[in-house]
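**Student:** With chain A held as given, fit chain B onto it using these hints.
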Amino acid sequence: MKIAVPIKFVPDLVEELNIDSSGAALDTSWLRLIINEFDDHAIEQAILLKERGGAEVTIICAEGDGVDDILFNAAAKGADQLVKLMGSDAAMMNSHATARVLADFFKEIQPDLILTGVQAHNDLDGSVGALLAEYLGMPYVGYVAGVTAASGSVIARKEYPGGIIGEMEVKLPAVLGIQAAEQPPRYVAYSKINQVSKTVKIEERAISDLDSSGGATVGRMFKPEPAQRAEIIEGSPEEVADRMVGIFKELGVM
Amino acid sequence: MSQDIFVLIEHLRGQVADISYIMLAAARTLASSSGGQVAAVLLGKDAQKLAGNLAADKVLYADSPALTEFTSEAYQLTLAKLIEEQSPRAVLFGHTTIGADVAGWLSGKLSLPLVSSCVNFTSDGKFLSQTCGGKIMAEGDLPSPTILVTMIPGGYKSEQGQAAQASAIESFTPPALDNLRVALKKYIEPEAGDVDISKSPFLIAVGRGIQNKDNLDLPNELAAAINGTVCASRPVVDQGWLPTSRLVGKSGKRVKPKIYLALGISGAPEHVEGINESDVIVAVNTDANAPIFNVAKYGTTLDLLDLVPQLTEKVKQAKGG
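These protein sequence lines map, in sequence, to chains A and B.
The working numbering puts the first residue of the first sequence at 1398, with every later residue one more than the last.
The working numbering puts the first residue of the second sequence at -5, with every later residue one more than the last.
Here chain A stands alone, though its shape is the one from the complex:
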């Protein structure tokens, strides 16, 4: 089975985010980007499927700072092919443009199964997976936490609220939006990644003429100004703990 895993980088939410001078986009000059955590789970799920039943796993990502490290990391886990999409605007593509670029590539390599993160925190025009499935004429099931290969199909465990799982049989070829792999993304020692980086090659693929149509046009971005903001309790851990116990008592829960 050929499995493709398109991944993307997103702003690290631990850092402070700012709006640029246009007022309609994030200021990217100091932005630290990290792998979308759902994509990390999609990689893990692909590797698990490979280990259980054999598969050829291809990881695809648009170029950018730190991308090579993540691709080599995936190879150290067991991915077979690494592909980097090259183009000046590659990192700024919306989901529609990304899905169109990926669809062109997948028409060439014809994967049986495409696993991608169910969403990214900065998607403003839907997630890549559902769009990609439509462009390729494949079925799509998202919010998947666990995949089992069967003959000509996969069984996807789709999550519903309240912890209910819907077992979906999905005919291949198909696209699945991964919410979580069956186990947390594995840790790989740096020495192993370093070793892999000397032997595995990253294939570069040029992209151009991006078509972003179908995406949301943002007129203004701003930091939320909530009507209510928490009253911050200042002081040492002991002082704050004292005050919290007071609050718990007032609310009658102690």
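Because the hints were derived from the structure by calculation, they are not lab data.
It cannot be assumed that every hint is accurate.
[Claimed, not checked] Quick list of in silico lysine-lysine cross-link-like pairs, BS3-like style, CA-CA up to 30 Å:
| hint | chain 1 | residue 1 | chain 2 | residue 2 |
| --- | --- | --- | --- | --- |
| 1 | B | K103 | A | K1481 |
| 2 | B | K179 | A | K1447 |
| 3 | B | K252 | A | K1646 |
| 4 | B | K207 | B | K313 |
| 5 | B | K250 | A | K1620 |
**Tutor:** For chain B alone, coordinates are given in the frame of chain A:
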């Protein structure tokens, strides 16, 4: 082409999801700026009874055995036909395991623009979406003639989307739903036997800030001292540190305790939608900009690893033990 606002009614095993009512309330705002009607779109098999309390001007209903329970493909094909035929001004979907599976596909299929994670519509008909885990808001126009929107809770109350009287049902014929490539085999119930976190009046919730499994001793000791229950956000459950039965948020449980003590939780929209009915939220997070402080009543930017042992001690003292 019409100025109507369509809302996809989400239902699972005979129950209408809360987001459906929230979207009906949102659709009313949008319809008053577009000048159209609000239409609830209901797909199912003998599911007319689910339309009973939908606050809509009309219910568009498709009946088919293939629509008995949600599957992405049957919904996609049915909605594509309806939207193509009726060309509404906007179609609202939950940004959920149901809505997000179909909205993106329809955007590709019908070449219609899509806006996701919308929480509010402004009175002049703009969308307001949350992005970057709720740290940033994005505002923009809703392009004509038809826009697809996925919505998250927070901007409207579900009561506003409920009506005392049923609206008129107009049936429409779904397309041929044969040779589908997605089939529901069965539902699997959540693991039983663990505590029901939605019943506890005092929830101690742990997030990524807990850092590792060993540190769970801290909230566990606090829970024992105060007679609370430990629950978690998604990253902690995905790491396998706590079972899925303890998960709070979009894919877990919605809770409304008297106190929700959030330890090291950033407050991403997927988590907040599970806790926004809590009486009082107390947040502990070292990031002063974390969105959790926008929903909490009290907060501190101390490290939970420093605060929680002190808190456990003070609770024990207060209880005289």
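**Student:** Going straight from one Cα to the other, do K179 of chain B and K1447 of chain A come out at no more than 30 Å?
**Tutor:** holds, 24 Å
**Student:** For the pair supplied as a hint, K207 of chain B and K313 of chain B, confirm whether the alpha-carbon distance does not exceed 30 Å.
**Tutor:** At roughly 28 Å apart (the allowed maximum being 30 Å), K313 of chain B and K207 of chain B satisfy the hint.
**Student:** Straight-line Cα separation of K103 of chain B and K1481 of chain A no greater than 30 Å?
**Tutor:** Between K103 of chain B and K1481 of chain A the Cα gap is close to 27 Å, so the pair holds against 30 Å.
**Student:** So if I understand the rule, the pair passes when the alpha-carbon distance is 30 Å or less; does K252 of chain B with K1646 of chain A pass?
**Tutor:** holds, 12 Å
**Student:** Does K1620 of chain A sit within 30 Å of K250 of chain B, going by the straight-line distance between their CA atoms?
**Tutor:** OK: K250 of chain B and K1620 of chain A at ~27 Å, within 30 Å.
Every hint, counting from the list given before, is met by this structure.
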